[in-house]
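Asks: Protein chains in written order, with the working numbering: chain A, 1 to 400; chain B, 401 to 680.
Heads up, some of the hints might be wrong.
To be verified - Which bits of chain A does chain B cover? Going by a derived footprint, with three or more residues having C-beta under 8 Å, they are:
#1 15-28
#2 39-45
#3 51-60
#4 205-216
Simulated from the structure, these hints should not be mistaken for lab results. Yeah, the Cβ is synthetic: ideal placement off N, Cα and C, and Gly gets one too.
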Amino acid sequence: MFVGFLYELRRRKVPVGAQEAVALARALEAGLHDSSLDGFYEVARALLVHSEAHLDAFDQAFLAHFKGVQDQGDTLLAELLGWLEEAEAKDLSERTPEEEAALLALGPEALRQLFAARMRQQDRRRQQGNGTAEEQMQEGQGRGPRAEGTQEGEGGRRGALKTADARLYRGYRDDRVLDTRSLAVALRKLRAFQREGAFEELDLEGTIDATARNAGELEVILRPPRKPSTRVLLLMDVGGSMTPHAHLVNRLFSAARKATHFRELRTHYFHNCVYGSVYRTEGFADPVPVPELLADCGPHWKLVLVGDALMAPYELMLRAGAQGRYTPDGVEGVVWMMQLAQHFERTAWLNPEPPASWWSPTIRTLRSVFPMFPLTVEGLGEAVGHLTRGGVRKSPTVRR
Amino acid sequence: MTDRLRRFTGTDRYLTSPALQAAVNCALALERPLLVKGEPGTGKTLLAEAIAGALGTKLLTWNVKSTTRAQDGLYVYDTVQRLYDSRFGDGDVRDIRRYIRFGPLGEAFRSPERVVLLIDEVDKADLEFPNDLLHELDRMRFRILETDEEVQAQARPVVVVTSNNEKELPDAFLRRCVFHFIDFPERELMQRIVRVHHPKLDEALVQQALDVFYQLRDMTRLRKRPSTSELVDWLAVLKSAGVQDLKLDATLPFVGALLKREQDLLVFHESLAAGRRPRA
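All chains should be modelled from the sequences, with the hints used to inform the complete structure.
Replies: Structure, rendered in structure tokens:
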């Protein structure tokens, strides 16, 4: 019965599947929803949604799927009243046993008054946002006079449909696909550890080995702790033709920033091609001259460039000095690029343009300078593989 | 099935919303871990204490750090102690079991009664950490490789996992959890929460403090908006200092208890300088 609702959720990109459906069924079987729409809302939300980014979509789906239910309840009530009148009008012999029982228990007038009172109460409750379709149906079906008022006294609580309608979670919606995780997982392979610093960690294997060699006399071997050793220099092309790719680049950037396994991560910006300087901000303020950058970052830094490498061919040939200004006696842009490529042992260029369009002349030129990979999860994986090739230095061990 | 598990409705010290109650009851009934997210200071960690209190069970806490491995939660084989004993002759080193130290998850499984296990700040750990726990949380059992013994939960512990969203959690892990996002309490609930913590505080002061607090939260430029725990602390400070009268201006007393970031304090003073009203 709630399966349609699940498909409504899937249509709104909330990832629910069989596992969630089974869990929900078990919860309903256990009666956790208290046979009310409000209860169902809370239970379904706890089980079907796994991230606050989906809460808004859930509310919308709930609204779309269950909005009619309350009106149905009203129609049902009207029908029941009609049924009562009909039953009264009938002769005794024509009444069904149920009708007979209902009329006998209270008498027709009392019964109608009860219904009217119940309906007013429902109206009032609905105004407080607390009426639920199922309650109405149950009470409408006449669980007997003594059932009255059992579900009273919860005024002020927000009804499910009203909650859903308020869309409180709109702010948590995150339509940038929440996929930094896959990028982060790919980047994670870039980590490398090196033992350095004071000798303060117990080398268990070494100790056992040394102790055995020492005929059981305990000999403790210490070694320096493992520390992350990867330093990454990220240069990003921003503005112009890169603007359509901004969301993708942002995602990569946030994944890189969140990665805790880099010893150091420096991020600089350039436009189209590096001309003498890169910049600390996206607005091209605070320039860092390339020679200074190369002096700061040793050859073991991993250089990652992100850009579409699309520009007018002459832009590769513009001459610029180390201050980032165009001067006739400066160096061509592409030569600055080659300097970067030569300085670093490992470089990779991530290109958000699909590889099919890599025939463009400037991309071809830069591909001959840097190994280029598409900016996709797979491409990033390949780039990381390329960056880490060469292995890590052996760790030192000493005896104490 | 539900009768065995009493319904959770909060405790005297911990007030809940119907949504949170539903989430906790789902987790209890379906025996799934409960994943709680929300702004820092909205009582994620306290929830586990409240559940343990309501169920009358023991609470085991596993504080996750960036270096925590899944294995640490199960057990650690204390080789160093064994090596030490073998040299200095304390006890029987042949019995490897003496050197198995159980972690919080291992203890929770071994406990003869049901316990509440809090895995606090699961997002602090490595990306793969939640994945490494999938099997153990699902089957509630694990094997000690050194002794080839299997530890199986005698009573499935109630697992509460909290996350501050520093890292995204893997889908496979999320699918197994009951999820709840703790909303920031609305004024009415907040008033009740404040009452629970400071029952004797002057009503007028509480109202003024709440006014100021919600105005502060509306300042959009703040990086870390103050939350429940900050409000409760702040009121404690106000009470002990005997403050009688409050209004939102640059001389707000003990604002440091509400705003913890230097930038936020700067923003605060900037937007309230020269008697301006804060821009929402």
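Asks: Next step is simple, just say for each hint if it's right about the structure.
Replies: Cross-check of the supplied hints:
Under a criterion of three residues with beta carbons nearer than 8 Å to beta carbons of chain B, the stated coverage of the region 15-28 of chain A is upheld, 7 such residues being counted. Requiring three or more residues with a Cβ within less than 8 Å of a Cβ of chain B, the coverage given for the region 39-45 of chain A holds, as 4 such residues are present. Three residues within the 8 Å Cβ limit are the bar, and the region 51-60 of chain A against chain B gives 3, so the coverage statement holds. Residues of the region 205-216 of chain A lying with their CB closer than 8 Å to a CB of chain B number 4, which satisfies the three-residue condition for coverage.
Hint compliance for this structure: every hint is met.
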